[in-house]
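Participant: Chains as they are written, first to last, in the numbering used here: chain A, 126 to 493; chain B, 250 to 494.
Because the hints were derived from the structure by calculation, they are not lab data. Keep in mind the model is a prediction, meaning the values are calculated, not measured. Each residue gets a CB set at the ideal place from its N, CA and C atoms; glycine is no exception. Treat the hints with care, as some may be off.
[As the list claims (entries may be wrong)] Using C-beta positions, here's what the derived DEER-type ranges look like:
1. A:P329 / B:G309: 32 to 40 Å
2. B:S322 / A:L251: 51 to 59 Å
3. A:L251 / B:A464: 56 to 64 Å
[Said to hold, decoys possible] Per the computed footprint, the stretches of chain B lying under chain A, defined by three or more beta-carbons under 8 Å from a beta-carbon of chain A, are:
4. 333 to 339
5. 354 to 361
6. 369 to 377
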Amino acid sequence: MAGLLVPPRPSVPKPSRIGRLVRGSGRAGVASLILWGGIAALAAWLLPGALRWAVFDATWIAEDRAGCDPSGACWAFVLNRLPQFAFGFFPPEERWRAAVALAWPIAALALALGPAFRARALAVTLAFAAYPPAATLLLMGAPLGLAPVASAQWGGMTMTVYVGTVAFVLAFPVGLGLALARRSSLPALRVLATLFIEVWRGLPLIAVLFISVVMVPLVLPPGTELPRLVLALVGITFYTSAYLAEVFRGGLQSIGRGQAEAADALGFTYWSAQAYILVPQAVRAVIPGILNTVVSLFKDTTYVLVVGLFDFLNIVNAAVADPRWLGLATEGYLFVGAVYWAFCYLMSRVSARIERGMDRGRVQAGHA
Amino acid sequence: MTAPAIRVAGLSKWFGDFLALDRISLDVPRGGSTVLCGPSGSGKSTLLRCLNGLERWEEGTVQLDGRAVGRRSRDLVALRRRVGMVFQSFHLFPHLDTLGNVALPPRVNLGLGRAEAEARAERLLAQVGMARLARSYPAQLSGGQKQRVAIARALAMEPEVLLFDEPTSALDPESVGEVLDVMIALAEAGRTMVVVTHEMGFARRVCREIVFMCAGEVVECCGSERFFEEPATERARAFLSDIRR
């Protein structure tokens, strides 16, 4: 009987992606619209002035400060100094070496973000693992038969990327070892690892750098002279490894007891259980924590300025004081901020990608 | 009469002041299955975990093939490569797919090449009816499927003895059967198995020996026929009528 048929419901169109972004879902609609209105108003108030200064009235090409339109930004300053910002005082004819050392980690990150291929994880890992020796030899030059360049001449973004990458790559295994030692069944090892971690974590990085540069030479045999860069690297590496150790320890603790028991029951030795079963799971569990440590390490490398090394920030700082370009601190520091931000954003994209790639195997700890 | 696969003599274990196992003596015959049963807290899982050294004990000995199980970690590793174990809550490795879970132990611990280990894993997965899901991850499997993979993983080490610690207790009622079927097939093929379970149907069907434990002691140890038809002790009778209800 036709009278009993339920009339078809008018179908509700599913909101588009942008629609969902603007309105949110369900009852959040009104609040969301008010918020977006506020954001739009703020943008309308701030954006025109900012754009006029940074883009429309900006000067891109000039010989010095006098050549810049005073009503806009003077990007000519940044462009003129770009090679120095990137490579420090590296001799111009040898700059390709610094460029390789600078581009290497960026390329490795791009590899991790780009299209997937077989053994990509291995390729990225190898690229990072090979970086400390390869970049060091390349920058030094002499061992490879290239023109020697003293580490005092390294600088700029190259220095920042070099120090950050080398310290991370070296601190990763050290931190893992510390985390395992802190959970060891041998009390002496546990106490030593805890002591090491607490000491390095309890010191401000600036103090660590002063100590490594001023005090370490005192305990070295007289006559040995290590470059400041090496001393600073040792300090930053240990400092970072202490933080990473605690991140890894959290990951190891998040694995259910059953995983270690299953490994034991299958006849895995302590080390093979760690290598194949426990550490891989622990590292996956703490990717966000590792990223957090790496981002903060990357930004903290700028403290090497206190021991007289010219990292990216420090070299921009020096350029701002150049009489030919006096008074352009805003442009200089905005550029510094943008570059640091871009690096950290790239790292956070890579970490998000790694996490997404692991979702298929994700389960609650201990219920596998 | 061949020598027993496992011989336990005078084994006692304390948890603090609590005597969990009280002078247990027991022979596990080769080529048959032995069921450990008893009320919860009777020490049956603890005893099972002593057999592959997952638990330490204070007194007594456990012998595998006539050789005493030592305490040094090197001896324990060697022992565990000959004694497989299946857990109540599976403990599959969540970061590896099904095939990887089964292929990893023989590859790392027996030194098999990757191709050889994966061929063995594929054969074992087919044996437990999981070949189709070789590329799935544990998180994508049901309880019964996980437990069948766990059995294949234990078998991959080609152990002489297989221990089962309440293998069906964490499963939905409908997936108990698929796991029991695999275990029955193994028992009927003549595997030496020690099974802690409440599945008395399984015990009746495939078991030569029933070990009934209560409060850390072995109360009865006899052929399964006799245990179910005419249990000798009051405690066994009470237990049987409890689980039949």
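Participant: If a hint holds in the structure, say so; if it doesn't, say that too.
Facilitator: Structure-based check of each hint:
| no. | hint | verdict |
| --- | --- | --- |
| 1 | A:P329 / B:G309: 32 to 40 Å | violated (57 Å) |
| 2 | B:S322 / A:L251: 51 to 59 Å | violated (33 Å) |
| 3 | A:L251 / B:A464: 56 to 64 Å | holds (58 Å) |
| 4 | 333 to 339 | holds (count 5) |
| 5 | 354 to 361 | holds (count 3) |
| 6 | 369 to 377 | violated (count 0) |
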